[in-house]
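Protein chains: 2
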Amino acid sequence: MEVENKHIIIKHAIDGLPTESDFELRSTPLVLSVAQGSKEVVVKNLFLSIDPYQLNRMKTCSSSQKTFAAAARIQPGQRIDAFGVGKVVVSGNEEFERDDVVVGLLAWEEYTVVRPGTTLTKVDPHEFPLSYHVSILGPSGLTAYAGFYDICKPKKGEKVFVSTASGSVGSLVGQYAKLSGCYVVGCAGSKTKVDLLKEKLGFDDAFNYKEEPDLKSALRRYFPEGIDIYFDNVGSAMLDAAVANMNLFGRVALCGAISEYTDAGKRAALDMVDVIYKRITLRGFLALDHLNLYAGFISSTSDHLRHGRMRAVEDISTGLESVPSAFAGLFRGDNVGKKLVQLTSL
Amino acid sequence: MEVENKHIIIKHAIDGLPTESDFELRSTPLVLSVAQGSKEVVVKNLFLSIDPYQLNRMKTCSSSQKTFAAAARIQPGQRIDAFGVGKVVVSGNEEFERDDVVVGLLAWEEYTVVRPGTTLTKVDPHEFPLSYHVSILGPSGLTAYAGFYDICKPKKGEKVFVSTASGSVGSLVGQYAKLSGCYVVGCAGSKTKVDLLKEKLGFDDAFNYKEEPDLKSALRRYFPEGIDIYFDNVGSAMLDAAVANMNLFGRVALCGAISEYTDAGKRAALDMVDVIYKRITLRGFLALDHLNLYAGFISSTSDHLRHGRMRAVEDISTGLESVPSAFAGLFRGDNVGKKLVQLTSL
Numbered sequence: 001m002e003v004e005n006k007h008i009i010i011k012h013a014i015d016g017l018p019t020e021s022d023f024e025l026r027s028t029p030l031v032l033s034v035a036q037g038s039k040e041v042v043v044k045n046l047f048l049s050i051d052p053y054q055l056n057r058m059k060t061c062s063s064s065q066k067t068f069a070a071a072a073r074i075q076p077g078q079r080i081d082a083f084g085v086g087k088v089v090v091s092g093n094e095e096f097e098r099d100d101v102v103v104g105l106l107a108w109e110e111y112t113v114v115r116p117g118t119t120l121t122k123v124d125p126h127e128f129p130l131s132y133h134v135s136i137l138g139p140s141g142l143t144a145y146a147g148f149y150d151i152c153k154p155k156k157g158e159k160v161f162v163s164t165a166s167g168s169v170g171s172l173v174g175q176y177a178k179l180s181g182c183y184v185v186g187c188a189g190s191k192t193k194v195d196l197l198k199e200k201l202g203f204d205d206a207f208n209y210k211e212e213p214d215l216k217s218a219l220r221r222y223f224p225e226g227i228d229i230y231f232d233n234v235g236s237a238m239l240d241a242a243v244a245n246m247n248l249f250g251r252v253a254l255c256g257a258i259s260e261y262t263d264a265g266k267r268a269a270l271d272m273v274d275v276i277y278k279r280i281t282l283r284g285f286l287a288l289d290h291l292n293l294y295a296g297f298i299s300s301t302s303d304h305l306r307h308g309r310m311r312a313v314e315d316i317s318t319g320l321e322s323v324p325s326a327f328a329g330l331f332r333g334d335n336v337g338k339k340l341v342q343l344t345s346l
Numbered sequence: 001m002e003v004e005n006k007h008i009i010i011k012h013a014i015d016g017l018p019t020e021s022d023f024e025l026r027s028t029p030l031v032l033s034v035a036q037g038s039k040e041v042v043v044k045n046l047f048l049s050i051d052p053y054q055l056n057r058m059k060t061c062s063s064s065q066k067t068f069a070a071a072a073r074i075q076p077g078q079r080i081d082a083f084g085v086g087k088v089v090v091s092g093n094e095e096f097e098r099d100d101v102v103v104g105l106l107a108w109e110e111y112t113v114v115r116p117g118t119t120l121t122k123v124d125p126h127e128f129p130l131s132y133h134v135s136i137l138g139p140s141g142l143t144a145y146a147g148f149y150d151i152c153k154p155k156k157g158e159k160v161f162v163s164t165a166s167g168s169v170g171s172l173v174g175q176y177a178k179l180s181g182c183y184v185v186g187c188a189g190s191k192t193k194v195d196l197l198k199e200k201l202g203f204d205d206a207f208n209y210k211e212e213p214d215l216k217s218a219l220r221r222y223f224p225e226g227i228d229i230y231f232d233n234v235g236s237a238m239l240d241a242a243v244a245n246m247n248l249f250g251r252v253a254l255c256g257a258i259s260e261y262t263d264a265g266k267r268a269a270l271d272m273v274d275v276i277y278k279r280i281t282l283r284g285f286l287a288l289d290h291l292n293l294y295a296g297f298i299s300s301t302s303d304h305l306r307h308g309r310m311r312a313v314e315d316i317s318t319g320l321e322s323v324p325s326a327f328a329g330l331f332r333g334d335n336v337g338k339k340l341v342q343l344t345s346l
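Line by line, the protein sequences are chains A and B. FYI, the numbering for the first sequence is 1 to 346, going by full-length UniProt numbering. FYI, the numbering for the second sequence is 1 to 346, going by full-length UniProt numbering.
For the record, the hints were derived by calculation from the structure and aren't laboratory data. Some hints could be false.
Copies of the same chain look alike in the list, so a pair counts if it fits in one copy or across any two.
Cut-off 27 Å, straight-line C-alpha distance, at most; resulting in silico cross-link-like pairs (DSS-like, lysine-lysine) [unchecked claim]:
hint: 1; residue 1: Lys59; residue 2: Lys216
hint: 2; residue 1: Lys155; residue 2: Lys11
hint: 3; residue 1: Lys266; residue 2: Lys216
hint: 4; residue 1: Lys156; residue 2: Lys6
hint: 5; residue 1: Lys216; residue 2: Lys156
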């Protein structure tokens, strides 16, 4: 059987704020069959992950491209790989059979041919909503878990600040922090988000950073005893303000710098004298270096979900054609929680 | 017996580049006796340590003063504590007797009355020059040792960059790095210093940063395979350039930021996207948090000295009245190696 496989491409490198017009929906025919013994698996994609970091792969020449493998750069016209969950349509790999539900690196397209060497994992399609395998039980979840537990090394009673706290990672960091007995304040960019943090996600407090002309004094108000842990998703001025309010031996997990992704001129201007005397550690990390935590992450987070101790916050658009606006919306702060695109139902 | 105890004070807070005229030599009478059971010890000071960080304690209101104990601030007119080595003149403490040679927190003065609660340690006056107990076997040595081994966690073959490499700490970091099988490049501010690094201290290479208009490309030249460890003593532009040239999982020990001490407007503007993707760790530290390493530091460094595997680089001025120019000179780059003032011979 042959289908028209729709996919999303970038028309050109994107160096500023992305807009819908930077993208194009294309279609190519795909034969739904694989050669026996080829180990290939054709997956019909159900939910695709929409993540800010992808923008760094779309730039003309970003530092991440230099340091990432060169292969990580997305060329105009090329398929765009992305994490997702899907259903096996046809399999030339004995580990998978038709109708298995799998998660792994798919792409912004309707069908993905997964070649040998790409990790694909079967999941139980019944216990949790399928989207959870892309959000709270997927890379965003592992990023939050590894960053909070392994990089921040929290102790009970410590004061934790999270930026983009209603985002895919921040919303989970805050919940892990509460489960660890920490005091947690988040910031976000709208009243709706702030309310979500305080009323649904158990944050001790939250504020709208757009209403704070002076971030340093805002943080002084929210943390009269100082910040022990800052989980940074934004970089630049917020990072400066957090460091200025940190306690001795404070830890900063550098997870993202979304304010710098669309404007390379925006930079934090850290007071290094402060960093030295307060013995602060700032550490950049990526979840993929912490796969040793994966089993513990899945079992504990599943358990928290089963007992209602955590909740997934998801923001789902429908149809592959919604990918460009879903992606561009990340940089306008449109999303509340993990941004996903749902292509079809199981 | 009563003596005139000369001491150095600051006349006012110092917020920019310090000059000799910011200081004054004063004198107060001191009776060389202690009450029995008082536990006090009067020390005649022999060598006093002259360190850049003291400037942070002399400012009107620096971040270090907020985060340090308030007591760390040096008030105009007040005695200025500093590490040193001296000889016991009279002791009300059974642990010390007259003529013992001791190291500890003394002050920029001729005699220091050491009160109970201040750590004073007896040293063997015969094995090494007394000045070594303030330099290579003193706080500068521990700073280099703890920063390099505990913060940078070097592996054999790694590429190490050291700034202010001919200074009190940098000159030792480079030597420890060579002893650990690393490739080491240092930067300094004069040809004499660069020659010292290459010819006497065993650095693999060294350069004069004043002759490099573009620090990033200079470091690219000296580290074609990238930097694994940067031992930062200067902050600002050099820190940016080092991070831009770092390898994956690079480590930065933030030891000092001398370029920022005299100009709070000078800041590093780190590319956080780079820091994240390269998973770089930046960590501020002070030697006093690493006293658990003290015994190992002393025994291994003494052993290196005995076997000629390390050398102390010292820059010694004579007489208490030379303290202001010795101190101001640190910020002009006058010193080569550890700056000390010798008050008298043993």
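Handout entry: Violations among the numbered hints
Key = 2 and 4
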